[in-house]
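Numbering (this note's numbering), first residue to last: 1 to 673.
Misleading hints may appear alongside valid ones.
What the hints assert, rightly or not - Capping the alpha-carbon separation at 25 Å, the derived lysine to any residue pairs in SDA-like fashion look like this:
{"#": "1", "residue 1": "Lys55", "residue 2": "Ala292"}
{"#": "2", "residue 1": "Lys404", "residue 2": "Glu326"}
{"#": "3", "residue 1": "Lys624", "residue 2": "Gly658"}
{"#": "4", "residue 1": "Lys150", "residue 2": "Asn402"}
{"#": "5", "residue 1": "Lys55", "residue 2": "Ser303"}
{"#": "6", "residue 1": "Lys624", "residue 2": "Glu590"}
{"#": "7", "residue 1": "Lys323", "residue 2": "Ala340"}
{"#": "8", "residue 1": "Lys184", "residue 2": "Ser214"}
{"#": "9", "residue 1": "Lys323", "residue 2": "Gly393"}
{"#": "10", "residue 1": "Lys656", "residue 2": "Leu573"}
{"#": "11", "residue 1": "Lys624", "residue 2": "Glu642"}
{"#": "12", "residue 1": "Lys624", "residue 2": "Ile508"}
{"#": "13", "residue 1": "Lys635", "residue 2": "Arg602"}
{"#": "14", "residue 1": "Lys98", "residue 2": "Gly286"}
{"#": "15", "residue 1": "Lys52", "residue 2": "Ser183"}
{"#": "16", "residue 1": "Lys635", "residue 2": "Thr660"}
{"#": "17", "residue 1": "Lys624", "residue 2": "Leu568"}
{"#": "18", "residue 1": "Lys55", "residue 2": "Glu299"}
{"#": "19", "residue 1": "Lys513", "residue 2": "Met395"}
{"#": "20", "residue 1": "Lys249", "residue 2": "Gln171"}
{"#": "21", "residue 1": "Lys513", "residue 2": "Thr491"}
{"#": "22", "residue 1": "Lys98", "residue 2": "Ala30"}
{"#": "23", "residue 1": "Lys513", "residue 2": "Ala345"}
{"#": "24", "residue 1": "Lys601", "residue 2": "Thr534"}
{"#": "25", "residue 1": "Lys242", "residue 2": "Asp399"}
{"#": "26", "residue 1": "Lys90", "residue 2": "Gly114"}
{"#": "27", "residue 1": "Lys184", "residue 2": "Gln324"}
{"#": "28", "residue 1": "Lys149", "residue 2": "Thr400"}
{"#": "29", "residue 1": "Lys52", "residue 2": "His251"}
{"#": "30", "residue 1": "Lys184", "residue 2": "Gly396"}
{"#": "31", "residue 1": "Lys295", "residue 2": "Ser8"}
{"#": "32", "residue 1": "Lys52", "residue 2": "Ile301"}
{"#": "33", "residue 1": "Lys242", "residue 2": "Glu221"}
{"#": "34", "residue 1": "Lys238", "residue 2": "Arg144"}
Unchecked claim - Between beta-carbon pairs, the in silico distance windows are:
{"#": "35", "residue 1": "Pro372", "residue 2": "Pro446", "range": "30 to 36 Å"}
{"#": "36", "residue 1": "Gln102", "residue 2": "Asp276", "range": "23 to 29 Å"}
{"#": "37", "residue 1": "Asp394", "residue 2": "Glu311", "range": "30 to 36 Å"}
{"#": "38", "residue 1": "Ile319", "residue 2": "Glu181", "range": "23 to 29 Å"}
{"#": "39", "residue 1": "Thr535", "residue 2": "Arg632", "range": "32 to 38 Å"}
Honestly, the hints are just simulated from the structure, not real lab data.
A virtual CB, placed ideally from N, CA and C, is assigned to each residue, including glycine.
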Amino acid sequence: MDISALRSAHPDHWSKAAAIRTLTLDAIRAANSGHSGMPMGMADVATVLFEKHLKFDASAPNWPDRDRFILSAGHGSMLLYSLLHLTGYKDMTLEEIKNFRQWGAKTAGHPEYGHAEGIETTTGPLGQGIANAVGFAMAEEILRGQYGKKIVDHHTYVIAGDGCLMEGISQEALGLAGRHELSKLIVFWDNNNITIDGTVDLSCRIDQVQRFKSANWHVQEIDGHDPEAIDAAIVAAKKAGKPSMIACKTHIALGSAAQDTSKGHGALTDEKLIADTKEAYGWTYGPFEIPADIKSAWEAIGSRGAADRAEWEERLGSISERKQAEFARIFDRDAPKRLAPTIRALKKQMSEEQPKLATRASSEKVLEVVNPIMSDTVGGSADLTGSNNTKTGDMGIFDTDNRKGRYVYWGIREHGMAAAMNGMALHGGIRPYGGTFMAFTDYARPAMRLAALMQIPSVFVMTHDSIGLGEDGPTHQPVEHVAISRATPNTYVFRPADTIETAESWEIALTAKQTPSVLSLTRQGVPTVRTKHTTKNLTAQGGYVLADSEGKRQAILIATGSEVSIALAARDLLQAEGIGTRVVSMPCMELFDAQDEAYRKRVLPAGPVRVGIEAGVRDGGWDKYLLGNRGREQKQAFVGMESFGASAPANVLYEKFGITAEAVAEKVKALLG
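Work out the full structure, taking the sequences as your base and the hints as a guide.
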């Protein structure tokens with residue numbers, strides 16, 4: 001690589017790109033950790049993109065019609081931080097750059113959504129960014145269909161590396177994008193042929209160009225250090241009419257002694273190497289020093305979009321007041337005023353009719369009344385629409401000929417679905433929910449975890465939530481999966497007992513602004529247990545007294561979901577023997593834990609024996625209520641699963657595994673001695 005030729009051919013471009021490279025070197029040296037190579041290799045692509053194409057205004061980072069830039073190769077975070085600082089984002093100061101990877105800094109080791117303006121998503125787990133980007137692009141298409149090009153018309157740009165394309169989620173993502181012809185999605189592949197272990201062909205010999213072409217992508221191959229070629233490729237990509245991948249042949253750790261080696265992937269901290277690299281760049285300035293003319297040129301790039309934003313604000317002001325209010329509502333993640341009364345009306349109807357329904361069917365009933373009044377809900381399923389009950393008649397199917405459609409057939413892509421849902425939520429203006437079987441949270445979990453980490457309200461509809469799904473057997477029976485979701489910070493896990501608790505759970509999920517929700521729903525029918533209508537959302541308390549004891553209280557049965565009706569039947573058996581028994585429904589442990597101590601003590605007073613009932617493993621919060629909250633070891637028990645399930649009808653499984661009213665009653669009597 002002839003650095004001097006690059007410098008002389010494009011001096012203005014070179015100086016701007018060198019600012020990215022030298023800030024990267026200085027920050028990583030100061031931190032003594034990080035990944036130098038990718039920012040050094042992709043600085044030319046990023047410079048051309050930001051200078052000539054990216055529609056953004058650094059003074060208004062959250063402008064809804066901005067282009068989105070996603071660094072899927074999140075280990076190269078200094079590329080993004082350098083760009084944000086250079087273009088003038090107010091909170092990305094030079095001090096933040098100097099404090100790279102330090103306690104309290106906005107410049108975390110990998111980009112963290114919410115730490116600084118301009119970070120569109122949390123990346124680092126490779127492949128997540130490119131899959132998020134599919135959701136960003138789908139959100140743009142849906143909103144453009146609803147509001148028109150005057151209000152929504154922007155691109156999503158991604159930098160992805162070899163590692164992103166090796167992760168399996170990338171196949172799910174690129175297949176979705178190609179199928180839906182997401183023409184506003186442009187991916188730059190940092191084709192540097194280096195991974196931590198060595199050259200890429202140690203572990204992968206896939207022809208990525210042919211791979212993307214086969215998935216209906218427009219593909220170009222360019223020199224990733226030639227600014228004219230980069231510019232021309234972006235121009236062509238914008239006109240392609242389908243998602244575009246630009247394969248950028250680059251040199252990792254460009255200009256350093258570690259160029260084109262695995263060492264160049266990681267932290268370059270040697271003083272002589274850094275000095276020699278800066279000399280090769282023609283960079284004569286001190287650490288963290290950016291000459292005024294170069295900083296000024298970058299800040300001009302950062303302000304270039306101000307005129308576009310002003311024109312957009314005028315166009316927004318020209319549409320009806322009703323549409324303006326709706327646009328503001330969806331981007332503020334506010335629920336419509338009609339949501340609460342709609343939920344209350346459904347609850348009243350269900351408490352009167354008292355149907356026996358699977359809670360997956362209850363969920364569909366809720367969606368049937370909610371989706372028509374919430375233009376921002378976008379639903380879908382990973383090839384289980386009829387089983388997850390996630391589609392309602394008013395939504396329309398999202399497709400190439402119907403961009404207004406709000407239902408997505410995701411195909412067998414649980415991971416890609418969950419990550420794209422996160423992208424929709426991050427884009428703004430969309431409330432995504434998507435369904436699969438609870439057992440397949442195993443496939444979706446990395447994205448579910450990131451939803452919690454990023455504090456975004458994606459809703460994961462997980463049906464067939466226990467051994468109650470029956471004959472499909474233990475591969476599909478999620479005995480441990482509810483516990484896994486409960487172990488994840490900042491996640492609401494709802495396991496509703498009937499249609500009324502399901503409606504209340506949806507109300508909380510659709511009004512949450514910073515917390516994702518997991519709805520754990522049954523395949524088998526369950527009776528209505530809330531037969532007396534209350535306008536109050538009792539599920540919002542997490543747990544509550546569903547049926548109190550008659551006579552002296554000797555036992556408390558705590559149950560969730562389909563096992564609440566078992567608890568009520570056990571109570572009848574115990575009360576018939578004069579054993580006063582309270583039943584506590586616990587649809588959301590996280591919300592119960594958030595209640596004040598006085599309330600929790602009223603629901604779970606000291607003294608009575610306690611039995612937890614759930615068709616899953618005990619791990620997952622149960623000990624807090626059976627042993628904590630003034631419970632005692634010798635006065636508690638759990639009725640649930642201690643093994644994997646089996647293939648048989650649901651009623652047989654419950655009997656064989658001992659999850660019955662009779663088994664619960666016997667546990668209580670044994671504890672009472």
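Each hint, compared with the structure:
{"no.": "1", "hint": "Lys55 / Ala292", "verdict": "holds (24 Å)"}
{"no.": "2", "hint": "Lys404 / Glu326", "verdict": "holds (16 Å)"}
{"no.": "3", "hint": "Lys624 / Gly658", "verdict": "holds (23 Å)"}
{"no.": "4", "hint": "Lys150 / Asn402", "verdict": "holds (18 Å)"}
{"no.": "5", "hint": "Lys55 / Ser303", "verdict": "holds (10 Å)"}
{"no.": "6", "hint": "Lys624 / Glu590", "verdict": "holds (11 Å)"}
{"no.": "7", "hint": "Lys323 / Ala340", "verdict": "holds (21 Å)"}
{"no.": "8", "hint": "Lys184 / Ser214", "verdict": "holds (19 Å)"}
{"no.": "9", "hint": "Lys323 / Gly393", "verdict": "holds (23 Å)"}
{"no.": "10", "hint": "Lys656 / Leu573", "verdict": "holds (20 Å)"}
{"no.": "11", "hint": "Lys624 / Glu642", "verdict": "holds (18 Å)"}
{"no.": "12", "hint": "Lys624 / Ile508", "verdict": "holds (23 Å)"}
{"no.": "13", "hint": "Lys635 / Arg602", "verdict": "holds (18 Å)"}
{"no.": "14", "hint": "Lys98 / Gly286", "verdict": "holds (13 Å)"}
{"no.": "15", "hint": "Lys52 / Ser183", "verdict": "holds (19 Å)"}
{"no.": "16", "hint": "Lys635 / Thr660", "verdict": "holds (20 Å)"}
{"no.": "17", "hint": "Lys624 / Leu568", "verdict": "holds (22 Å)"}
{"no.": "18", "hint": "Lys55 / Glu299", "verdict": "holds (14 Å)"}
{"no.": "19", "hint": "Lys513 / Met395", "verdict": "holds (23 Å)"}
{"no.": "20", "hint": "Lys249 / Gln171", "verdict": "holds (21 Å)"}
{"no.": "21", "hint": "Lys513 / Thr491", "verdict": "holds (12 Å)"}
{"no.": "22", "hint": "Lys98 / Ala30", "verdict": "holds (7 Å)"}
{"no.": "23", "hint": "Lys513 / Ala345", "verdict": "holds (24 Å)"}
{"no.": "24", "hint": "Lys601 / Thr534", "verdict": "holds (22 Å)"}
{"no.": "25", "hint": "Lys242 / Asp399", "verdict": "holds (13 Å)"}
{"no.": "26", "hint": "Lys90 / Gly114", "verdict": "holds (14 Å)"}
{"no.": "27", "hint": "Lys184 / Gln324", "verdict": "holds (24 Å)"}
{"no.": "28", "hint": "Lys149 / Thr400", "verdict": "holds (16 Å)"}
{"no.": "29", "hint": "Lys52 / His251", "verdict": "holds (22 Å)"}
{"no.": "30", "hint": "Lys184 / Gly396", "verdict": "holds (22 Å)"}
{"no.": "31", "hint": "Lys295 / Ser8", "verdict": "holds (20 Å)"}
{"no.": "32", "hint": "Lys52 / Ile301", "verdict": "holds (8 Å)"}
{"no.": "33", "hint": "Lys242 / Glu221", "verdict": "holds (16 Å)"}
{"no.": "34", "hint": "Lys238 / Arg144", "verdict": "holds (16 Å)"}
{"no.": "35", "hint": "Pro372 / Pro446: 30 to 36 Å", "verdict": "holds (33 Å)"}
{"no.": "36", "hint": "Gln102 / Asp276: 23 to 29 Å", "verdict": "holds (27 Å)"}
{"no.": "37", "hint": "Asp394 / Glu311: 30 to 36 Å", "verdict": "holds (34 Å)"}
{"no.": "38", "hint": "Ile319 / Glu181: 23 to 29 Å", "verdict": "holds (27 Å)"}
{"no.": "39", "hint": "Thr535 / Arg632: 32 to 38 Å", "verdict": "holds (37 Å)"}
Of the numbered hints given earlier, the model fails none.
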